[in-house]
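Each protein sequence line maps, in turn, to chains A, B, C and D. Last residue of the first sequence: 404 (this note's numbering), numbering continuous. Last residue of the second sequence: 404 (this note's numbering), numbering continuous. Last residue of the third sequence: 378 (this note's numbering), numbering continuous. Last residue of the fourth sequence: 378 (this note's numbering), numbering continuous.
The reader is advised that the hints may include incorrect statements.
The calculated lysine to aspartate or glutamate pairs, modelled on EDC-like cross-linking and capped at a C-alpha distance of 20 angstroms, are [to be verified]:
1. C:K38 with A:E355
2. D:K38 with B:E281
3. B:K392 with C:D257
4. D:K175 with D:D234
5. C:K267 with A:E399
6. C:K175 with A:D280
7. D:K175 with B:D280
8. C:K38 with A:D357
9. D:K143 with D:D180
10. D:K267 with B:E399
11. C:K267 with A:D144
12. D:K175 with B:E281
13. D:K38 with B:E355
14. C:K12 with B:E314
15. C:K175 with C:E142
Partner residues are not named here, just some residues of chain A that face chain C (Cβ under 10 angstroms, in silico) [unchecked claim]:
16. P139
17. Q337
18. Y379
Simulated from the structure, these hints should not be mistaken for lab results. Backbone N, C-alpha and C define an ideal beta-carbon position, used for all residues, glycine too.
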Amino acid sequence: MSTANQDLEAFRAEARAWLEENFPKSLAGRASEYMAMEGGKELTGEARTWVERLAERGWGTPTWPSEYGGGGLSASQAAVLQEEMRSAGAFNPIPLRAGMGVTMVGPTILEYGTEEQKQKHLPPIARGEVRWCLGYSEPNAGSDLASLSTRAEDAGDHWVINGQKVWTSGADISDWCGALVRTDPKAGKRDGISFLMFTMHQEGVETRPIRLISGASPFCETFFNNARADKTDLLGPLNDGWTVGKRLLQHERASQTGAMDTGGRPAPLQELAKRYVGTDESGQLADSDLRSRLATHLMESKAHSLTLSRVAAEARGNPNVSAAASILKNTATNVAQTRAELTLEVMGHQGLAWEGDGFTEEEVNAVQSWLFGKAMSIYGGSFEIQYNIIAKNILGLPETTQKG
Amino acid sequence: MSTANQDLEAFRAEARAWLEENFPKSLAGRASEYMAMEGGKELTGEARTWVERLAERGWGTPTWPSEYGGGGLSASQAAVLQEEMRSAGAFNPIPLRAGMGVTMVGPTILEYGTEEQKQKHLPPIARGEVRWCLGYSEPNAGSDLASLSTRAEDAGDHWVINGQKVWTSGADISDWCGALVRTDPKAGKRDGISFLMFTMHQEGVETRPIRLISGASPFCETFFNNARADKTDLLGPLNDGWTVGKRLLQHERASQTGAMDTGGRPAPLQELAKRYVGTDESGQLADSDLRSRLATHLMESKAHSLTLSRVAAEARGNPNVSAAASILKNTATNVAQTRAELTLEVMGHQGLAWEGDGFTEEEVNAVQSWLFGKAMSIYGGSFEIQYNIIAKNILGLPETTQKG
Amino acid sequence: MAVLNEEQTMLKDQAEAWVKEVAPVRAFRTLRDSGSDKGWDPAVWSAMVEMGWTGIVVPEAQGGSDLGYLTFGVLLEQTGRELTASPLLASALIGASALRLGGSDAQQRDWLPGVVDGSTVLTLAVDESNRHAPTRTAMKAEKAGDGFKLTGTKTLVPEGGEATAFVVPARTSGKPGDEDGITLFLVRGDSAGIERQRLATFDARGYANVSFDGVEVGKDAVLGEVDGGFGLLDAVLDRARAGLAAEMLGTASAAFDMTLDYLQTRKQFGAVIGSFQALGHRAAALYSQKELTRSCVEAALEALDKDADDAAQLCSLAKGKAGDFLFNMSNELIQIHGGIGMTDEFDAGFYLKRARAVESLYGNRAFHRDRYATLLGF
Amino acid sequence: MAVLNEEQTMLKDQAEAWVKEVAPVRAFRTLRDSGSDKGWDPAVWSAMVEMGWTGIVVPEAQGGSDLGYLTFGVLLEQTGRELTASPLLASALIGASALRLGGSDAQQRDWLPGVVDGSTVLTLAVDESNRHAPTRTAMKAEKAGDGFKLTGTKTLVPEGGEATAFVVPARTSGKPGDEDGITLFLVRGDSAGIERQRLATFDARGYANVSFDGVEVGKDAVLGEVDGGFGLLDAVLDRARAGLAAEMLGTASAAFDMTLDYLQTRKQFGAVIGSFQALGHRAAALYSQKELTRSCVEAALEALDKDADDAAQLCSLAKGKAGDFLFNMSNELIQIHGGIGMTDEFDAGFYLKRARAVESLYGNRAFHRDRYATLLGF
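Make a model of the complete structure from these sequences and hints.
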């Protein structure tokens, strides 16, 4: 065994012992139930104890430096910690408590923030005490984000923000916001943009939840009417927020490739199909047309997950991220949306479920994920935008400039 | 019965009597065999007699004015003539004898030609004596035809042509050529182009047949080395050949929508499938996956042919051609190419036929049509060009000018 | 092939204008938000009756206009465009067809005038599981005195909550899977033993599961022949499929128009998004599907009017192609509209939801592919 | 997941350079035009033997290097790129696998060294009709003295014209459709009663239909168990499928590269055609398929090396996905190249033809979808 491996096994023992002592047994295996408590709700009892202990140890954000409330672990140690948590039936609620704080804002502050900003913002995120949202899209700046028009004016010791954002996920229950705003209206589209951070608990900020086709949603419209941000809360250089904001989106894309396994998978689609459609004498699905399409989908789904693994394996062997990574957002979307459509087809008449006695919870949930899942090919860079990126950045094709 | 209908029935009797007297019984029902004799071959015996009689009556080009060798019939009369020929087992070989003469060049001369040009060119076409080819595409001007560079210089009483064409169908067996050439090199792309007609039987013209992936083909590369065209053989205005040439292409597109039924359909694909794949106890195709895809294709194919009929019916009721017509080239191509792929799949190992004892003629033919059929989505305005046309001309979307 | 005659063209123009003004998708939204579980607006229904829409396939002797299925399709396409909710398809097309094709003179006299004046709302209650499978009819119809006693449950019955009577296939002999042994019954909605479970479906229409617990009917309730009802049922279903396909064509065409309009007006990256070639080509493909679907729908309706030999094939073709086009179109409607398409405030969601609901009715695309292949003998 | 190790990377680089220089598609064109019906160039085959490619899955005891299937896939991907013709897959992968998995020590000693030195060319002769259907094996193997007598015909046998010996599944009991009752035999090509009909296929490789007319073999010709050979056959076929999938990945990837190059250089309407968004999106979709296919192929080969439980599933997945990608890619290769792609002078036609030929071998996509579903239990 190499020295590195010895160290890792020592850490494994340490993690196991700490979990044994600190993770409340009563919560074991209740991740999914607990994960649902993400939003702004007060924690009580054992749940509260667990969050506090995890935060104290810094293991809610295991790879962040310990001086900012993180665990100071290496990536390998963090992986070991995750394995040990899984086998103890434990889970990490802090990323969900912090909204976009752990997955996106934190890493970006670590990269672009001043020392003061790190000390001010990272520890509360690491403790799961402060929840963040992001102000990116606007009504007239969706895929074409650089067209954004929310503006921030210099008012001496602070910025004054006016405008409107849309699709701000969790804005109504967040404490802080990181937003792209226009600080130089005279500059070119991408040039006059900055990344500002400010509290949501102020008079000039108003949020309005958006009802989606699937029902209630975490998304809001967010209005800024002379909202203010401290001068010290500009992240990265003035008028170069585009770079900062793009880097943050890379963290977002990574979280949407299906690479983040949150556990709790639904029953395999083929089992659902056998239950809802029935089988013939030879055990084959009674609807042979559906059976072929189901096989096609399951093969595509397997191909996607094998690609996820391959990309991960290649990334370990190679500091350059695999070119294959860039396709995963779209293939993940394809697989998930096709799965949702097939689930509806499998359920047949029962797949028309909205609510009420005629339908099971499983059916209602299937319909809601089908509807909500239509957004997967729109947000985080639409399907079309991803293809543009592949064509340009991976395949080296020129941007469209012709009339073909 | 209306007067018009009475006249039509009178004409029907006339046509029937004429066919009874003039169509050689020995040729009845031998259309497909006879159609294969299209190219440049000398006619003998009854076949020769039939062509001569048809030409004399003008019914090889029934709707052309009789002063130019046509039949002077109305469209309704021509339809009646076709019905009567079909029920007599007769057929019209003149369009095939004349290459592009009857279907494309003739109608364009009728529209744009001078009286002199009509008298010179139309009668030999109508008699099936002179075969025409078309010089359009060039190696660097395919979909973007306006980039053509073959040029014609004014040499006083004639034009001198230099350059190269490609995909000139039947050039090696044609007597005359209609070509787009650049007569004003200084004008914009589409502006300096003219439509010239000239004989292929001259020193400055050389043709080289193109071997395709399916084997020998009617296509040629055609080289012009100081070839000449008479001054009187400029069709339409000088430097406005683009308009003339485009009009000619509309005649071409009409001939590629599947609207021209040449008879002799192959056996239905489902019968072929039952023969090659077999059926189960209930009479269903043994390969259920293939069965679904076959059904999908046959439904698409039926939808296409129903659309052809609908377009024809609407065109009768309405002087404006139906908007649906513009999609037919692409749907015809889809249907034909899918059919060819499915035929190969149905034949399985036997669908790898190239030649020799191991394969039937039916199998070899299926493979050759599959390969040759790949050109359907390329020639006559590629699949992509048709979609551009639909987007712009039918849907009113602007031409691409952005970097999205 | 179908070219609308003058009367049909007039009716189309009238229907288009009326639907847009009186029963547009905005009105459907109001209906949905009102929480009413009736499924339609009585005023809209009365107006349809007023305009004679309920008599289109009813013989003149019974107060109808007998204009035929192609004409009915013209109306359904327009109501489909605006998602107008009413029992027009269930009662005036499907119910009336069952009576017309299978009813005795007496039955026609008894029932059709009510269908025409809107006081009777008929619906076909055919499925018994989560899938359309008419040969698998299992509902029992036992002899009871002079008549029959029906026991079983029918699922996802359109307008099942409000219908005043049901056309019900049940099994008088044979076993599920057999075509023989099926008999059609006309059952009044207020018969003892009927229970309706209204369903809250995502398309917010008035479906119900309807259970029959020993429901007694007289022998005059038999529509067509005892044991030999499958042919009649299939003929009625084909009319249902062609009619629904016309409605789906309208729904998808409206979604196409909304999308085309957005492509022509929405700007991103300094240009209208319809100028992006990838979107232009997708729009061209959808347009092609639209035209092909129209041909299939009109051909099916016309074949029904002419009682053509290939009517069954064409009806499966029409439902199948309309299903393809509507599936793709409803997805593209959302995708091309982007975020706004995801909001309940915008209408796109209504079209998407309706698209999936009608897909399940009277056979989905897989059902019709299978049926088409069977009808073609392979 | 598969990340090539140093040895594999070296081998890949070596194979890539060698194939491009010695056995590129240009050489295949020369071979085709020569009218030779051997199907490969002996010098190319000797060089492969020389480089040790024929011993990759042969145990060291029999003169092989035992490097495994993932390593073999690295080579096949490169030969696939340039359509290099040789018996490498048929003999050194499939034939060697049959011996390795099913051969006794004596059989391995007798046969494998010849496979490694190239003097023996083995091939699996499995199909008996126009489709791949191993359970439908009907060829008779009757007891005859101490051995067996084989009668029947095998179709589309790769390298069937030149092979020096055949691996032949035949039926010792049961009936076509049964898995039980199949036995594998090793049959020398010069046995009395064998007749070969060479086939002129459009991919210009050396297939033959091979008929066996009472061919007598000793009991030492039995590979594995009498009557219990289906499992062995299926395992050999899975190796064939994964190996062929690697070759197909190479073929399709080369077609992708040719297409991408054309997109980057061909100009129309004053711009390189790759700047047309519709084409850019299609290229992006093909690129995605390419990456997904690679993952499937490598996973299948690795599963074979590890003898993993899900190897069969992964081999069907690999052949199926490679089939999808190659089908689409070969069509786009022609379409995007336009007229030039249609000419025999250009190489695109070779790729299109090879694509359809390999699709038919060892199960087409429909076969593998069906098998995948069955393996997943539905």
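Each hint, compared with the structure:
A distance of roughly 16 angstroms separates the Cα atoms of C:K38 and A:E355; the hinted pair therefore holds under the 20 angstroms criterion. Using a Cα cut-off of 20 angstroms, the hinted pair D:K38 and B:E281 is violated, with the two alpha carbons roughly 43 angstroms apart. Taken as a hint, the B:K392 and C:D257 pair is honoured in the structure, with Cα atoms around 15 angstroms apart against an allowance of 20 angstroms. For the suggested pair D:K175 and D:D234, the alpha carbons sit about 18 angstroms apart, so the restraint of at most 20 angstroms is met.
About 18 angstroms separates the Cα atoms of C:K267 and A:E399, which keeps this hinted pair within 20 angstroms; it holds. The hinted pair formed by C:K175 and A:D280 meets the criterion: a straight-line CA distance of about 17 angstroms does not exceed 20 angstroms. Distance restraint check for D:K175 and B:D280: the Cα-Cα separation of roughly 17 angstroms lies within the 20 angstroms cut-off, and the hinted pair is therefore satisfied. Distance hint between C:K38 and A:D357 is fulfilled; the C-alpha atoms sit about 17 angstroms from each other, no more than 20 angstroms.
Of the pairs offered as hints, the one joining D:K143 and D:D180 holds, with about 17 angstroms between alpha carbons and a cut-off of 20 angstroms not exceeded. The straight-line distance between the Cα atoms of D:K267 and B:E399 is roughly 18 angstroms, inside the 20 angstroms bound, and the hint therefore holds. Distance hint between C:K267 and A:D144 is fulfilled; the C-alpha atoms sit about 9 angstroms from each other, no more than 20 angstroms. Simply put, D:K175 and B:E281 have alpha-carbon atoms about 17 angstroms apart, close enough for the 20 angstroms limit, and the pair holds.
About 16 angstroms separates the Cα atoms of D:K38 and B:E355, which keeps this hinted pair within 20 angstroms; it holds. Between C:K12 and B:E314 the alpha-carbon distance is near 17 angstroms, which keeps this suggested pair within the 20 angstroms criterion. A distance of roughly 13 angstroms separates the Cα atoms of C:K175 and C:E142; the hinted pair therefore holds under the 20 angstroms criterion. For A:P139, the interface hint holds, the least distance from its beta-carbon to any beta-carbon of chain C being 8 angstroms, beneath 10 angstroms.
Interface restraint check: A:Q337 against chain C, minimum CB-CB distance 8 angstroms, threshold 10 angstroms, status holds. Taking 10 angstroms as the C-beta cut-off, the interface hint given for A:Y379 holds, the closest approach to chain C being about 7 angstroms.
The structure fails hint 2 only (numbered hints given earlier).
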